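J.: If you're matching them up, the sequences are chains U and F in order. Reading the first sequence from the start, the letters are residues 33 to 369 in this note's numbering. Reading the second sequence from the start, the letters are residues 33 to 369 in this note's numbering.
Since the hints were made in silico from the structure, they are not lab data. Wrong hints could be hidden among the right ones.
The list treats identical chains as one, so a pair stands whether inside a single copy or across any two.
Derived pair list, reagent style DSSO-like, types lysine-lysine, alpha-carbon separation capped at 30 Å [stated by the list, open to error]: (1) Lys335 to Lys206; (2) Lys51 to Lys239; (3) Lys179 to Lys201; (4) Lys302 to Lys318; (5) Lys248 to Lys179; (6) Lys176 to Lys302.
On a predicted model such as this, the values are computed, not experimentally measured, just so you know.
Protein chains: 2
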Amino acid sequence: MLDTNALVNTQIFLKSSPKEKLLQENFELKETKLTPIIDNQVLIEIIYISIDAANRAWMQGRTYRSQILPGDVMGGYALGKVIESRSEKFKIGDYVEGDLGWQNYAIRDEKELIRASIRSSENLHMSVLGITGKTAYFGLDLAKLKKGETVLISAAAGAVGNVAGQIAKIYGCKVIGITSSDEKANWLINELGFDAVVNYKNNNFVKDLRKLCPEKVDVYFDNVGGPIFESVLFAMNNFGRIICCGAVSQYDQAAPESGPRGVPGLIVTKRLTLRGFIVMDFEDRKKEAEKQLMDWIEKKQIKPAEDIVIGLQNTPNALIGLLNGDNKGKRMVRINK
Amino acid sequence: MLDTNALVNTQIFLKSSPKEKLLQENFELKETKLTPIIDNQVLIEIIYISIDAANRAWMQGRTYRSQILPGDVMGGYALGKVIESRSEKFKIGDYVEGDLGWQNYAIRDEKELIRASIRSSENLHMSVLGITGKTAYFGLDLAKLKKGETVLISAAAGAVGNVAGQIAKIYGCKVIGITSSDEKANWLINELGFDAVVNYKNNNFVKDLRKLCPEKVDVYFDNVGGPIFESVLFAMNNFGRIICCGAVSQYDQAAPESGPRGVPGLIVTKRLTLRGFIVMDFEDRKKEAEKQLMDWIEKKQIKPAEDIVIGLQNTPNALIGLLNGDNKGKRMVRINK
């Protein structure tokens with residue numbers, strides 16, 4: 033049996049709240065002693081930490097979870113294995129997931145955990161079959177795509193965006209991506225089958241967008257908010273739908289900017305529907321989504337795109353880089369012990 | 033038989049596009065000669081002109097209709113009676129409605145007209161049974177009200193707002209209004225049965241709102257946009273619905289301001305649905321709405337609120353005043369000939 037008393041935990045703390053852009057100096061890595069678990073708790077060895085733009089938003093204030101403050105272990109969704117248990121629900125060897133934080137080991141009450149059923153590999157469980165893949169799935173479910181519609185996706189090379197684009201193609205839509213480099217644009221078109229991609233860092237973003245979809249946009253899957261959201265509002269078709277999934281353009285700064293012009297005026301005149309959602313609200317449909325996504329992967333209709341960083345110590349940089357748009361596909365940190 | 037050749041028309045033209053606030057000098061009244069009607073056309077004597085905030089928005093640019101430009105007869109929804117006809121669809125004496133403009137007589141092709149069935153009186157046909165009453169009806173239909181929910185309505189003393197509030201009461205909701213004077217606030221509470229009303233011109237708008245609905249807002253029926261929209265976003269409950277009906281705060285100025293902060297960030301974290309609509313999209317459900325509204329009026333569950341201005345020459349001031357919030361209930365101009 034494992035002598036958990038002999039284990040040393042490594043934890044990454046938020047040392048200071050970022051003033052504007054998130055920096056490495058906002059974090060601090062410390063070795064700490066694990067405390068013994070009590071009734072209903074389990075000790076978890078973390079395998080993968082999910083890196084998500086939302087991690088940065090959690091530092092700005094209370095969202096759907098409490099704010100992360102200096103002195104807190106940095107929060108983060110993660111996959112791990114139970115290595116010690118005083119819970120009747122989970123036994124040693126079980127895969128579990130939840131907000132396990134940026135650390136090698138986590139102690140959690142059984143109520144804070146979800147059992148993870150690994151349908152394929154651990155990394156696929158974190159990418160297409162994980163939170164971000166399911167976010168793409170349920171977001172497009174809300175959009176009620178019709179064959180032949182034009183679907184625009186921002187942060188298209190990101191973990192959610194790339195899957196959303198591939199799903200929209202399966203539904204027979206014309207799929208346009210928005211991304212921040214020509215390299216990612218080419219990858220999305222050549223590797224993942226997007227019909228076209230616009231690089232918003234080019235000066236002609238609005239013109240380029242108009243050229244790529246002269247028929248205008250029926251569904252906009254928005255991951256970024258900000259000025260791109262505003263530009264797209266003007267490019268929407270009557271009765272268009274905007275799926276509000278995230279606002280990454282607003283996370284890595286002091287405070288959100290003023291909002292997009294045209295709200296709510298254009299929402300009225302174009303009869304738009306805007307729909308905000310969070311994947312956790314769809315917990316009861318999780319299996320349906322995983323089954324469908326797995327099926328699409330097996331039929332090679334979805335190509336998983338993973339961006340794996342090795343080592344807990346690299347987690348801060350993994351997030352900082354993600355906020356700068358460095359990743360292609362789902363970024364996660366593999367804990368090597 | 034009427035000698036229509038002897039009739040002189042009086043028309044109000046847009047003389048110049050308003051630079052900021054709409055002024056009387058932006059209009060010009062002229063007497064003109066009626067031209068003979070041709071095949072499929074009818075000559076209409078106008079009875080009531082509807083005064084709507086949207087009239088001002090039409091001067092800003094193309095919306096769901098073409099922009100009104102200097103030299104155009106001012107547009108406006110109106111009710112009239114056919115007094116000469118070369119149409120097989122409409123005969124002399126028929127009530128018709130449509131965008132008949134600010135004038136005593138209108139010549140229109142039959143395709144531009146809708147037959148008006150007057151269920152009760154002409155003025156009721158313009159108010160609760162008219163476009164604005166039906167706008168309230170269909171807007172709340174989209175909101176899928178549940179008994180006991182808190183419904184907040186801006187421009188609550190306006191033509192749409194006052195009916196929306198009365199309907200939400202029928203559905204068993206707690207109804208809070210937003211208006212621009214204590215006098216209108218008292219009227220909404222004492223005459224129309226609103227539970228509470230906040231005067232946004234008081235300095236403590238956000239505080240007052242929080243005090244009146246500590247349980248937060250489930251449904252916001254927005255007629256105004258702008259800073260009020262922004263404040264309400266922060267007061268919404270998770271899974272709340274915002275019905276985007278108009279943006280009157282943005283109409284009477286040069287160009288729309290920057291948009292509300294929190295879009296789309298709060299839409300995501302609060303999982304809001306925003307839904308824009310225009311009553312004309314519900315043409316096929318018109319009879320259902322009129323029947324239901326008439327029934328509520330007969331049962332005294334809706335009290336019609338009408339604000340009738342007499343005389344075509346007073347139409348510009350009627351609109352200018354409406355944009356300043358002078359009206360209580362549905363404002364319309366009765367043409368006296």
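J.: Within, between, both or neither: how does the pair Lys248, Lys179 come out at a Cα-Cα threshold of 30 Å?
T.: Answer is within: at 15 Å inside a copy they meet the 30 Å cutoff, but 39 Å across does not.
J.: Classify it for me, Lys179 with Lys201: is the Cα-Cα distance of at most 30 Å met within a copy, between copies, both or neither?
T.: Classified as within; 9 Å inside a copy, 41 Å across copies.
J.: Within a copy, between copies, both or neither: which one fits Lys302 and Lys318 at a CA-CA cutoff of 30 Å?
T.: Intra 33 Å, inter 21 Å, cutoff 30 Å: inter-copy only.
J.: Using 30 Å as the alpha carbon limit, work out where Lys51 and Lys239 are close: within a copy, between copies, both or neither.
T.: between (34 Å within a copy, 28 Å between copies)
J.: With identical chains, the pair Lys176 and Lys302 could be close in the same copy or across copies; at 30 Å between alpha carbons, which is it: within, between, both, or neither?
T.: both (18 Å within a copy, 21 Å between copies)
J.: Classify it for me, Lys335 with Lys206: is the Cα-Cα distance of at most 30 Å met within a copy, between copies, both or neither?
T.: Classified as within: same-chain Cα gap 18 Å, cross-chain 50 Å, threshold 30 Å.
Consistency with the previously given hints is maintained throughout, with no hint failing.
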